[in-house]
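Assemble the whole structure, with the sequences as input and the hints as a guide.
Keeping their order, the protein sequence lines are chains A and B.
Here the first sequence is numbered in the working numbering, starting from 1 and rising by one per residue.
Here the second sequence is numbered in the working numbering, starting from 115 and rising by one per residue.
Everything labelled a hint here was simulated from the structure, so no lab data went into it.
Hints should not be assumed to be uniformly reliable.
Residues on chain A that point at chain B, a partial pick, calculated with CB under 7 Å [unchecked claim]:
hint	residue
1	28
2	43
3	102
Which stretches of chain A does chain B cover? Using the computed rule of at least three CB atoms under 8 Å from a CB of chain B, they are [stated by the list, open to error]:
hint	region
4	33-42
5	63-70
All C-beta atoms, glycine included, are put in the ideal place defined by N, C-alpha and C.
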Amino acid sequence: SAVISQKPSRDICQRGTSLTIQCQVDSQVTMMFWYRQQPGQSLTLIATANQGSEATYESGFVIDKFPISRPNLTFSTLTVSNMSPEDSSIYLCSVVGQGINEQFFGPGTRLTVL
Amino acid sequence: AQKVTQAQTEISVVEKEDVTLDCVYETRDTTYYLFWYKQPPSGELVFLIRRNSFDEQNEISGRYSWNFQKSTSSFNFTITASQVVDSAVYFCALNSGGYQKVTFGTGTKLQVIP
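Below, the structure is given as structure tokens:
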């Protein structure tokens, strides 16, 4: 299984600011994903981070709000821009492991926006 | 389109009782994968099991067992002799259509009372 780390593990931010979340994997992976989990809710896919090309965003999510970088096969960042209290969530990085469609998740970043 | 329904929002059981978590899925694809994840209060998602659509054999792992029935599009999860450490939110998830994206159910919160 892939070992995934995320930084920061949690943060409290002010409205209008931006936060960049880092995701590091211990092995090279083709596909990385960013999910959001709002309080008491299920996970919703934000985007697929592609190495060497722009991220692919799901309906309801835009690049201006959630810019993503994928500089190599082991690292990705998600920025939550111009934050509002509605952005308070857990943000999870995910990768597909060596097994077909076996997906592993990072520990998550708990974001609180005041 | 793919969809996962977990009708049970919250379940409470007394320690040592058996408990079954229900999962019903929808997909038009003949090839798909089903997952169960555990999310303890710490927030991290723990991968429990993956099944593909061609393997309906039920699986047992310690106190955990899974019942996959294509006829009813269900993939239920049973915990035998529940323990307090089993208290968590459990998510059923589906991946189909050859895509790596995973669709999650809304989760079932399990509370095991000592």
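Verification of the supplied hints:
{"no.": "1", "hint": "28", "in the structure": "violated, 16 Å"}
{"no.": "2", "hint": "43", "in the structure": "holds, 5 Å"}
{"no.": "3", "hint": "102", "in the structure": "holds, 6 Å"}
{"no.": "4", "hint": "33-42", "in the structure": "holds (count 3)"}
{"no.": "5", "hint": "63-70", "in the structure": "violated (count 0)"}
Consistency with the previously given hints fails for numbers 1, 5, ordered from lowest to highest.
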